[in-house]
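Asker: The primary structure of each chain is shown beneath.
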Amino acid sequence: MQTQLPALQIIVPMVAGPIIVLLRHRLFAWFASTAVSVFTLLASISILDHVRTQGAIDYYLGGWPQHVGITYKIDVVNAFMLVLLSAITFVVMLFARQSVQKEISEDKHHLFYAALLLCFTGLMGICITGDAFNVFVFLEISSLSAYALIGMGSSPKAPLAAFRYLVMGTIGGTFILMGLGFLLMATGTLNMAELVKLIPPVADTTMIRAGFAFIAIGSAIKLALFPLHMWLPDCYTYAPSVVSSFLSATATKVSYYVLVRAVFVLFGAALFEQTVRMEAAFFPMAMLAIFVGSIKAIGQLNIKRLLAYSSVAQIGYMVLGLSFGNQDGLTGGIIHLFNHALMKGGLFLVLGCVAYQISSKDSGWQVTIDDMKGLGKRMPLTAFAFVLGGLSMIGVPLTAGFVSKWYLALGALKAGMWWVVPLILLASLLAVLYIWKVVEAAYFQEPPEGAECKDAPWGLLVPTYLLIGASFYFGIFTDPMLSSAREAADLLLTAGGVK
Amino acid sequence: MFAASTSGVSGTNSGQGVYNYWLVVILMMTGLYLVLSRANMVKTVIGLNLFQAGVILFYVCMGRVDGGTAPIIAKGSEWAYSNPLPHVLMLTAIVVGVATTALALSLVVRINEDYGTIEEDIINEKEVAS
Chain A
19 MQTQLPALQI
29 IVPMVAGPII
39 VLLRHRLFAW
49 FASTAVSVFT
59 LLASISILDH
69 VRTQGAIDYY
79 LGGWPQHVGI
89 TYKIDVVNAF
99 MLVLLSAITF
109 VVMLFARQSV
119 QKEISEDKHH
129 LFYAALLLCF
139 TGLMGICITG
149 DAFNVFVFLE
159 ISSLSAYALI
169 GMGSSPKAPL
179 AAFRYLVMGT
189 IGGTFILMGL
199 GFLLMATGTL
209 NMAELVKLIP
219 PVADTTMIRA
229 GFAFIAIGSA
239 IKLALFPLHM
249 WLPDCYTYAP
259 SVVSSFLSAT
269 ATKVSYYVLV
279 RAVFVLFGAA
289 LFEQTVRMEA
299 AFFPMAMLAI
309 FVGSIKAIGQ
319 LNIKRLLAYS
329 SVAQIGYMVL
339 GLSFGNQDGL
349 TGGIIHLFNH
359 ALMKGGLFLV
369 LGCVAYQISS
379 KDSGWQVTID
389 DMKGLGKRMP
399 LTAFAFVLGG
409 LSMIGVPLTA
419 GFVSKWYLAL
429 GALKAGMWWV
439 VPLILLASLL
449 AVLYIWKVVE
459 AAYFQEPPEG
469 AECKDAPWGL
479 LVPTYLLIGA
489 SFYFGIFTDP
499 MLSSAREAAD
509 LLLTAGGVK
Chain B
-7 MFAASTSGVS
3 GTNSGQGVYN
13 YWLVVILMMT
23 GLYLVLSRAN
33 MVKTVIGLNL
43 FQAGVILFYV
53 CMGRVDGGTA
63 PIIAKGSEWA
73 YSNPLPHVLM
83 LTAIVVGVAT
93 TALALSLVVR
103 INEDYGTIEE
113 DIINEKEVAS
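Protein sequence lines correspond, in order, to chains A and B. Per the working numbering: the first sequence ends with 517, consecutive numbering throughout. Per the working numbering: the second sequence ends with 122, consecutive numbering throughout.
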């Protein structure tokens, strides 16, 4: 059982999806999805434990050797991602029962949960696999189900957003496929462990450079890195609350993981020996993402869209960590990946609570700044959760957001770019502006007359506080997260021969 | 593993040149141009399909070996055969393409129900007006 866990991680959610569709039962769908997410969470924790005590796991699917079949290679980085993904999914599933009941018509519930599980399967698969082509397959599984999930939003704009995302996402996925084709042509293998060895001898060819360019741009589209982020705000705004939270906490994080793997491990040494530092090409885009995202967020009246633009900015921070190309920067990027998953997932869940109590189907379950007026009186616990999540987003000390910005600043100093530090500080001030805008409406403005004073049900509040609380927990007890992230960064840098 | 990897492309020895790769590029760019330029959503989907077809052909070209036949090995046979791996990979890519097209078209149907049109510029005008 223990030795088969890597495969079961993928197979169980993948099989559960179709079973849910066939049984067409609303409550069973929720129950089965939650049970699956509990299983994967326990399994991934056990895998992480195994990896940290006994070293990386090589799992050969069907017993085929590395050069013939597909391998799952799990090191600290993958295991870390698996735990994060399944933990977020578990919390989102807890939240989903009541929220989905309200936001999605009853005859579609089983389809919704099946798509959510398939999306989860795809994301887990990308993280676990050691075969480059398998990454593409799982990427498409997760993307296709994500388009379907976004299309389930009740606003007429939801299918439009999903369609635009589909067009961008397919181009991104096809770019990755093209890049993998170049790698296959140059080396004759798609196994990542073998690619790492075979790329350096042929690194100085147009084929490898083109391959890198295709893979980097493809994953940048999936990651919504500025200026390829245009699909993201609409998708997060019009998707059902649960989906916004799930995708913002997982999908872009997995794309970041793909990018980091490609830059540091797959192409690693080959890239870093170039005269022009290719990883630094991400720096201007990351900086622009941070500032454009934050400034756009300040102007939004729709809170879901505000958080979506804030996501664009936070993705900028993660890529900024990557672009320094040193251990502190990468550690900062990985910690920020983890933190952002917790706090943005949590903040979108807060909006899910607000939508559950205040919004209506006619507005497509949107939450505007007017809805937030007087929220501190109407829904005190929900409003407080937003404040806590917002503090972490700004990066106040004692929150997880502070730790990641600290390491990003360290990375900038190590890279000899001290002038980036005040810019990071300035960007945090922009975050204060857009978070304050909501907090001000919630606490310093009167609620509209005749408004009910009722907090969200516990079924929604508990998962929300789980995520928000976690971002504080890891801000105060930084050690488990920090040591994992440092270990992961160290491994990424050594595996590709960068260090 | 690949004869192609040393010379960069297959077919160079027999004097065929690299025209098949140029066709791939033309096909991909035609698809991408359609996606970017057309407001009609069905045409966008067609463009995406062309774009994917380009990549599929790219893989198929890659697996070709000069004078190679079908990759069936009998006892004692020593003839050259095409590399089956890229071809098999493309089966998956084709399935992905079909699924993407189906999903895209079903979204177009829903957009048509909601907006009464599948022209993006008309939809944009309606959104600005509302």
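None of these hints come from the bench; they were simulated from the model. One or more of the hints may lead you astray.
[To be verified] Covered stretches of chain B, going by a simulated chain A footprint (3 or more residues, C-beta under 8 Å):
1) 62 to 68
2) 97 to 108
[Claimed, not checked] For lysine to any residue, the following SDA-like pairs were computed, each having C-alpha atoms within a straight-line distance of at most 25 Å:
3) A:LYS175 x B:ARG102
4) A:LYS395 x A:ASP497
5) A:LYS175 x B:ASN32
[Said to hold, decoys possible] Listed next, with one range per pair, are the computed distances between beta-carbon atoms:
6) B:VAL80 x A:PHE49: 35 to 43 Å
7) A:MET248 x B:TRP14: 41 to 49 Å
8) B:GLY68 x A:PRO245: 37 to 45 Å
9) A:ALA299 x B:THR84: 26 to 34 Å
For every residue, glycine included, the Cβ atom is placed at its ideal position computed from N, Cα and C.
Asker: In ascending order, which of the hints set out earlier in this document are inconsistent with the structure?
Answerer: 1, 4, 7, 8
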